[in-house]
Amino acid sequence: MKILVCISHVPDTTSKINFTNGDSQFDTNGVQFVINPNDEYGLTRAIWFQEQQGATITVINVGNAETEPTLRKALAIGANDAIRVNANPTDSFFVAKQIAEVAKNGSYDIIIAGKESLDYNGGMVPGMIAGILGYNFLNSCTDLLVDGSNVKAIREIDGGRETISTTLPIIIGGQKGLVEEKDLRIPNMRGIMTARTKTLTVVEPIDASINTKAVKFEKPAPKSAVKLVAADNLDELINLLHNEAKVI
Amino acid sequence: MSILIYAESAEGKFRKVAFELASYAKKVAESIGTTVTAITINTEDVSELSKYGVDKVLKITNEKLSSFSAKAYADVIKQAAQKEGTKLVILSSTTDSIYLAPLVAVSLEAGLASNVVELPISTSPFQVKRNAFSNKAFNITEISSEVKIIGLAKNSYGIFENISNLSVEDFNPSIGESDFGIKVEKVEKVSGKVSIADADIVVSGGRGLKGPEHWGMIEELAQVLGAATACSKPVSDLDWRPHSEHVGQTGKPVAANLYIAVGISGAIQHIAGINSSKVKVVINTDPEAPFFKVADYGVVGDAFEVVPQLIEKLKVFKAQH
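These protein sequences, in sequence, are chains A and B.
So the first sequence is residues 20 to 267, counted in this note's numbering.
So the second sequence is residues 9 to 329, counted in this note's numbering.
I should point out that these hints are in silico values taken from the structure, not numbers from a laboratory.
None of the values given here were measured: they were computed from a predicted structure.
Be a bit skeptical, because a hint or two may be false.
DSS-like, lysine-lysine: derived pairs with alpha carbons at most 25 angstroms apart [to be verified]:
1) A:K265 - B:K323
2) B:K286 - A:K35
3) A:K238 - B:K137
4) B:K72 - B:K137
5) B:K301 - A:K35
6) A:K232 - B:K95
7) A:K242 - B:K194
8) A:K265 - B:K301
9) B:K72 - A:K265
10) A:K171 - B:K91
11) A:K35 - A:K238
12) A:K265 - B:K201
13) A:K246 - B:K201
14) A:K232 - B:K137
15) A:K171 - B:K24
16) B:K95 - A:K238
If you anchor each label on the Cβ, the simulated ranges turn out as follows [unchecked claim]:
17) B:Q328 - A:Q51: 22 to 28 angstroms
18) B:Q231 - A:T39: 35 to 41 angstroms
19) A:L247 - B:Q328: 21 to 27 angstroms
20) B:G41 - A:N258: 33 to 39 angstroms
21) B:Q328 - A:T33: 51 to 57 angstroms
22) A:V222 - B:G41: 42 to 48 angstroms
23) A:I205 - B:S55: 56 to 62 angstroms
Yeah, the Cβ is synthetic: ideal placement off N, Cα and C, and Gly gets one too.
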């Protein structure tokens, strides 16, 4: 079983978000980058397949050289090798096209991507890869089991969940539930040492159309101060919610 | 040339997002001098769409589409877009529409912008404002492809009546076996409860509630308000509540009209996930809790005293209104 795990390199969830260059670029100054949390759940699920069913794991990122420490971290967690497509990931279709190209050449059984990255929140790369390759695709996937070429999986839906069956190859948009928070792994020293010698291949991008571009960023307007209501005057809270905010 | 929307329904009836989508699409259509066509799939009565400005319905009735299949539904939307010569497709941000949108984008070679929060800034060039960085910022995205798709963020525009003269056409797109590579075996829905995605009001509990045995009052408060229940990440990590209730940056996003946080301190990741909600109320013993910085209304007090009182007072209020 060959698994390709897509890794986005995103600001740590506690990062302060600022922009530079006339609000046209994310300000990376002082920002700690991590594996996108939705991707990390997927990677950890892939490690489970590696340990239980002998899968091999390739991690892939479309990005510039500064994303390599994030790929090395994925290798330290246990991925077998890594690929970096050497391009600036500005458009989802462009990124999907690069990953699809690698996937085609590597004949992977499972492609795991997070259902969305926590920087641009596009939520479309896994679906686009599936659209390009014509593979079976499950988004918002919270459980994945493989027996031979048969797949059983769970998708989270609004207000519940859905159990599905399908066959390999499959691509999933993963999220929490694939593994739990407590199952996430912090790389140990041995993992970090062996990660240094694992293969990280850099490939050049293929041509792909770019359909969207981020032209500018804005920060939300500062919020007015909270209105405090005394704990013994809850009628006032109800009054404010009804007459001022008009939400009840 | 008409703008195309997919008006979602559940059990044969429109979901509220369908009306928000129609309202939004109509406004865009008016600004560029065109009409709105809606696709409906297995919806019995489509006439309600005329209240929100839809000019034409492509009504699909097909047993094969009785359970959701992203690929089949995407295929249907693509065929409708081609038939109508659509240059702009507008989709909602339900779990299903987020799932199918990129498939439609690839098949129509369309640029897609998701999480769009207001009317287009300009239609030539086509620029939209969208949520990014988990609600910590907005991003203006320009779509340059000939066919464009936008995903409207939930509860970002509102529902506006705009009576139209609706025509209904039965539409029979061709659907093949290859559209059903994913087979739905079982659907489990929590019955009798509002889902976080559909709720106007969400009542959410945090670690301040000290244990799962204290969730009765959260459930009751939600019931009085017709709200969905949710929880913070630590609470779901501790297994006090199911993961499906976890809201925040790595959990479900909440874009409700009213979000009530009980015993939640307001970590940056939690706030990021719920910040699209219009009005936020916090109930917490600690006046220094970061949630007070982002809330509209706050009560400094012990949840175990405040919440039961609030329930009683809301019951009285509800009886009168």
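Quick rundown of the hints versus the structure:
| no. | hint | verdict |
| --- | --- | --- |
| 1 | A:K265 - B:K323 | holds (17 angstroms) |
| 2 | B:K286 - A:K35 | holds (22 angstroms) |
| 3 | A:K238 - B:K137 | holds (12 angstroms) |
| 4 | B:K72 - B:K137 | violated (37 angstroms) |
| 5 | B:K301 - A:K35 | holds (15 angstroms) |
| 6 | A:K232 - B:K95 | holds (18 angstroms) |
| 7 | A:K242 - B:K194 | violated (44 angstroms) |
| 8 | A:K265 - B:K301 | holds (21 angstroms) |
| 9 | B:K72 - A:K265 | violated (43 angstroms) |
| 10 | A:K171 - B:K91 | violated (36 angstroms) |
| 11 | A:K35 - A:K238 | holds (11 angstroms) |
| 12 | A:K265 - B:K201 | holds (23 angstroms) |
| 13 | A:K246 - B:K201 | violated (31 angstroms) |
| 14 | A:K232 - B:K137 | holds (12 angstroms) |
| 15 | A:K171 - B:K24 | violated (32 angstroms) |
| 16 | B:K95 - A:K238 | violated (30 angstroms) |
| 17 | B:Q328 - A:Q51: 22 to 28 angstroms | violated (52 angstroms) |
| 18 | B:Q231 - A:T39: 35 to 41 angstroms | violated (48 angstroms) |
| 19 | A:L247 - B:Q328: 21 to 27 angstroms | holds (25 angstroms) |
| 20 | B:G41 - A:N258: 33 to 39 angstroms | violated (45 angstroms) |
| 21 | B:Q328 - A:T33: 51 to 57 angstroms | violated (44 angstroms) |
| 22 | A:V222 - B:G41: 42 to 48 angstroms | holds (47 angstroms) |
| 23 | A:I205 - B:S55: 56 to 62 angstroms | holds (57 angstroms) |
Of the numbered hints given earlier, the model fails hints 4, 7, 9, 10, 13, 15, 16, 17, 18, 20, 21; all others are met.
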